[in-house]
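S.K.: Now for the letters of each chain:
There are 2 protein chains.
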Amino acid sequence: MVSSLISRQLALSLHKNLWLSAPARCRYVSKAAAKTQADFDYDGPSMKTSVPGPRSQELTKQLGEMQNVGAVNFFCNYEESRGNYLVDVDGNRMLDLYTQISSIPIGYNHPALLKLMANPNNLSTFVNRPALGILPPENFPDRLAESLLSVAPSGMTRVQTMACGSCSNENAFKSMFIWYKNKERGHSTPSNEDLSTCMINQVPGCPDLSILSFMGSFHGRTMGCLATTHSKAIHKLDIPSFDWPIAPFPRLQYPLEEFSRENAQEESRCLEEVEDLIVKWRQKGKPVAGIVVEPIQAEGGDNHASPDFFRSLRKITRKHGCAFHVDEVQTGGGTTGKFWAHEHWGLEDPADIVSFSKKLLTGGYFQRDELQANEPYRIFNTWMGDPSKNLFLSEVLNVIRRENLLEEVTRSGKALLNGLYELQAQYPGILSRARGQGTFCAVDICDDGTRNSILLKARDKGVILGGCGERSIRFRPALIFKEYHAQIFLNIFSDVLAQLK
Amino acid sequence: MVSSLISRQLALSLHKNLWLSAPARCRYVSKAAAKTQADFDYDGPSMKTSVPGPRSQELTKQLGEMQNVGAVNFFCNYEESRGNYLVDVDGNRMLDLYTQISSIPIGYNHPALLKLMANPNNLSTFVNRPALGILPPENFPDRLAESLLSVAPSGMTRVQTMACGSCSNENAFKSMFIWYKNKERGHSTPSNEDLSTCMINQVPGCPDLSILSFMGSFHGRTMGCLATTHSKAIHKLDIPSFDWPIAPFPRLQYPLEEFSRENAQEESRCLEEVEDLIVKWRQKGKPVAGIVVEPIQAEGGDNHASPDFFRSLRKITRKHGCAFHVDEVQTGGGTTGKFWAHEHWGLEDPADIVSFSKKLLTGGYFQRDELQANEPYRIFNTWMGDPSKNLFLSEVLNVIRRENLLEEVTRSGKALLNGLYELQAQYPGILSRARGQGTFCAVDICDDGTRNSILLKARDKGVILGGCGERSIRFRPALIFKEYHAQIFLNIFSDVLAQLK
Numbered sequence: 001m002v003s004s005l006i007s008r009q010l011a012l013s014l015h016k017n018l019w020l021s022a023p024a025r026c027r028y029v030s031k032a033a034a035k036t037q038a039d040f041d042y043d044g045p046s047m048k049t050s051v052p053g054p055r056s057q058e059l060t061k062q063l064g065e066m067q068n069v070g071a072v073n074f075f076c077n078y079e080e081s082r083g084n085y086l087v088d089v090d091g092n093r094m095l096d097l098y099t100q101i102s103s104i105p106i107g108y109n110h111p112a113l114l115k116l117m118a119n120p121n122n123l124s125t126f127v128n129r130p131a132l133g134i135l136p137p138e139n140f141p142d143r144l145a146e147s148l149l150s151v152a153p154s155g156m157t158r159v160q161t162m163a164c165g166s167c168s169n170e171n172a173f174k175s176m177f178i179w180y181k182n183k184e185r186g187h188s189t190p191s192n193e194d195l196s197t198c199m200i201n202q203v204p205g206c207p208d209l210s211i212l213s214f215m216g217s218f219h220g221r222t223m224g225c226l227a228t229t230h231s232k233a234i235h236k237l238d239i240p241s242f243d244w245p246i247a248p249f250p251r252l253q254y255p256l257e258e259f260s261r262e263n264a265q266e267e268s269r270c271l272e273e274v275e276d277l278i279v280k281w282r283q284k285g286k287p288v289a290g291i292v293v294e295p296i297q298a299e300g301g302d303n304h305a306s307p308d309f310f311r312s313l314r315k316i317t318r319k320h321g322c323a324f325h326v327d328e329v330q331t332g333g334g335t336t337g338k339f340w341a342h343e344h345w346g347l348e349d350p351a352d353i354v355s356f357s358k359k360l361l362t363g364g365y366f367q368r369d370e371l372q373a374n375e376p377y378r379i380f381n382t383w384m385g386d387p388s389k390n391l392f393l394s395e396v397l398n399v400i401r402r403e404n405l406l407e408e409v410t411r412s413g414k415a416l417l418n419g420l421y422e423l424q425a426q427y428p429g430i431l432s433r434a435r436g437q438g439t440f441c442a443v444d445i446c447d448d449g450t451r452n453s454i455l456l457k458a459r460d461k462g463v464i465l466g467g468c469g470e471r472s473i474r475f476r477p478a479l480i481f482k483e484y485h486a487q488i489f490l491n492i493f494s495d496v497l498a499q500l501k
Numbered sequence: 001m002v003s004s005l006i007s008r009q010l011a012l013s014l015h016k017n018l019w020l021s022a023p024a025r026c027r028y029v030s031k032a033a034a035k036t037q038a039d040f041d042y043d044g045p046s047m048k049t050s051v052p053g054p055r056s057q058e059l060t061k062q063l064g065e066m067q068n069v070g071a072v073n074f075f076c077n078y079e080e081s082r083g084n085y086l087v088d089v090d091g092n093r094m095l096d097l098y099t100q101i102s103s104i105p106i107g108y109n110h111p112a113l114l115k116l117m118a119n120p121n122n123l124s125t126f127v128n129r130p131a132l133g134i135l136p137p138e139n140f141p142d143r144l145a146e147s148l149l150s151v152a153p154s155g156m157t158r159v160q161t162m163a164c165g166s167c168s169n170e171n172a173f174k175s176m177f178i179w180y181k182n183k184e185r186g187h188s189t190p191s192n193e194d195l196s197t198c199m200i201n202q203v204p205g206c207p208d209l210s211i212l213s214f215m216g217s218f219h220g221r222t223m224g225c226l227a228t229t230h231s232k233a234i235h236k237l238d239i240p241s242f243d244w245p246i247a248p249f250p251r252l253q254y255p256l257e258e259f260s261r262e263n264a265q266e267e268s269r270c271l272e273e274v275e276d277l278i279v280k281w282r283q284k285g286k287p288v289a290g291i292v293v294e295p296i297q298a299e300g301g302d303n304h305a306s307p308d309f310f311r312s313l314r315k316i317t318r319k320h321g322c323a324f325h326v327d328e329v330q331t332g333g334g335t336t337g338k339f340w341a342h343e344h345w346g347l348e349d350p351a352d353i354v355s356f357s358k359k360l361l362t363g364g365y366f367q368r369d370e371l372q373a374n375e376p377y378r379i380f381n382t383w384m385g386d387p388s389k390n391l392f393l394s395e396v397l398n399v400i401r402r403e404n405l406l407e408e409v410t411r412s413g414k415a416l417l418n419g420l421y422e423l424q425a426q427y428p429g430i431l432s433r434a435r436g437q438g439t440f441c442a443v444d445i446c447d448d449g450t451r452n453s454i455l456l457k458a459r460d461k462g463v464i465l466g467g468c469g470e471r472s473i474r475f476r477p478a479l480i481f482k483e484y485h486a487q488i489f490l491n492i493f494s495d496v497l498a499q500l501k
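Chains Z and C, in that order, are what the protein sequence lines are. Just so we're aligned: 237 in our numbering is position 237 of the first sequence, and the numbers increase by one with no gaps anywhere. Just so we're aligned: 394 in our numbering is position 394 of the second sequence, and the numbers increase by one with no gaps anywhere.
Certain hints may be false.
Since the list gives no way to pick one copy over another, a pair counts as held whenever it fits inside one copy or between any two copies.
Mimicking DSS-like on lysine-lysine, the simulated pairs with C-alpha atoms at most 27 Å apart in a straight line are [what the hints assert, rightly or not]:
#  : residue 1 : residue 2
1  : Lys61     : Lys389
2  : Lys232    : Lys183
3  : Lys315    : Lys461
4  : Lys115    : Lys389
5  : Lys319    : Lys457
6  : Lys181    : Lys461
7  : Lys280    : Lys183
8  : Lys232    : Lys286
9  : Lys48     : Lys115
10 : Lys181    : Lys232
11 : Lys284    : Lys61
12 : Lys315    : Lys284
13 : Lys284    : Lys338
14 : Lys461    : Lys389
15 : Lys61     : Lys280
16 : Lys389    : Lys280
17 : Lys183    : Lys48
18 : Lys338    : Lys280
Rather than coming from a laboratory, the hints here were simulated on the basis of the structure.
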């Protein structure tokens, strides 16, 4: 393991050589080579086979005897992976701009995390997983304070951990339903009819309430979440659902500065539709208890909207007495240059619920005081999260602060997006709608087939990317992705595009 | 940590002293003291304060500023906990017969698990959590083979890991819906109408299918699972649900041998109702895609049914073309004396799906070949489980085999249940319906108030128990619970009952 670590000095000189020897069309020779990565990173991609290589194919066949492997890209050697580089079982080393569907905050095998594992005081946290809701460990309040609550979004005083993103959103929805019903009752004491009917799934105990979501959104795949997910048919096909309202999400035209009037109109249209749906569903007898929205629709195609749009949406929830749930499962954790993407909106009236997972390593949600259910066992399950993930998160947050990673993200995101703008100008028949915030960037490709072909070609040249929406590529590097990583990526991407022509 | 370990010899002599000095009414002086615990266990409870003690109360107040703490019992010192003994932050050491809601398989800080953590080859598994569905680690197929698939129930060839019990059941339900729709279509290719309607939660893409469940069941708390959960109103109140059929679960009379005719009639009645509901819901246009059932309804009150009942239920699912899903989240993992509780039934035609979590340390489900969705990304999420939990599970299974823990469970379960029978005979006004399989035992208490008072009194004397149903106490010790632990418990329980009189 140690043998594969390259010293800072060596890495630096290798970087310079790599860039200087790049082909002429590459305009991305870095001027920032001195601003380099911590010494646990590799110096660049290194490819031995096309991907998946023979060993990956063999393992895929083996795993195929045990479960569906249709989505498996390749098998990984996580021991040898480092920083921004994912190493596969055939010895290919790839620059990772997808990071396990955006869930690796500070790269692979970060020394600070390995160090945590070496501390004997932490052993018990891994070996004894508690039922956190009834028997928390002594350090649980302190750990929550130094991890999740230290990055609580404005207005959020309370946090509930959960095991994954779907469970987080499911329980956030439940919190909104409980809050809404208590508000409707004027108190939190259910009637005998409520108590008896809920046992058999009937009204009024199980009320006909709804959550309003947006077309193109993704909030998870368990049945409550899935009723608010509208990104791809394959996620929803054949699964029973709820008759809940679905509003259009703005489809902005790019470049934004050329279409400001059209985009403002588009956002107004969507907001009007939201209000219409709230009224319509109330009349239907299925009142909207809450609205759930992603700051950037990720799975659905990296669809952005303006801060104005979201501020107006917040006002609409107030006007109609619905809760406002911001789903930061993919956007949270610093990747937009702020710790929470919705901090870019400048909300005067904070959200009611903000859910998270992925880069936060544990699922969960923050909530305002009034959203927290008063009675125990309403929001509950056996594990209620996992303290070993909170332990890692505390250290991740230390690294983010110590290394000013939010500033790095802003810087490298700018390099990435500027590079995409330039390539888009160079290849207008292939690329369009380059967009992003921090490193949370995307670009559209002319068609689905070309998009998928670019993803595979880039991978064979040592860059891992992800698709989203119908024909977008999304960039989701770790927070330790630096300007020179952006340059390495852009060089390779430029090669791929040149070969497509 | 090490200083608090008591050597096998010392522990043995302490055990003997403890039992010999017990008060006269205690008939549980062990004859099996020589068959003692591995040397990492403590010798018995040791109480310093009533529970929760002052430190627990202080921490509860602190945590109460961050989340709902209504369910918190006390705070734990997991570092000092060992084997069957949970130590709290006030220095109280309690014999644990509840084990974090039945989720600790081989006790606290088992040396075999600590050893795993010391192996540098395992570090990467903890530090780099992969998106298992797309980028599995090299050892993933082998690890599945040596862990989960090595204990696959009869007829189950495929396994899908998930993060928790609710996610496991949600995805198992989805598998059953997809399987049912493909069967109905005669193929797996959806129509254009299916694809467009599912995006907006409407039929036929999101079909009106249902899952049949039983009154008293508990299958989780996310919205799909919750529609099949019918144990306590507080779990379901205010949460929208599905109009799915709910059958009665047999209410057996005890002792079983005295009521064989009545119980057989009761089971027939429930089975008839199941068939009626399947027909009725088909006529309603909401066909039953699958039936989900626990081998023993745990949260609902430790309700048992006979192997005959379950075999007949399986036949009904075949007759009506529904899938058969056995939820072993609480019963699985060896606690009934077989690794899976449903192995006691002698099913000729295996179940279609068996879900698990808790003692298996990872969630997930086994399924028959034909239940596995053919297309990728239908059963999917970011993490799809957690390889660090599979690592622990492999070692837990090694310990279970090496130490013949299923035999131990059968033995100590017998001691526990016989003790409960005796106490029931001694206190007929308080105890009734003692029942169980392996150590998965329960007893009913005359009323809810007395039950809760017994739980608290037992805890103050150093025994942790859990309630279930309206007035039952459930016993859920770890698999390393031995006969002499049963004796220690019975001594204390006997004291508590004597003081109640």
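S.K.: Run the structure past the numbered hints and jot down the numbers of the failing ones, going up.
M.R.: The structure breaks hints 3, 5, 6, 9, 11, 13, 14, 15, 16, 17, 18; every other hint is satisfied.
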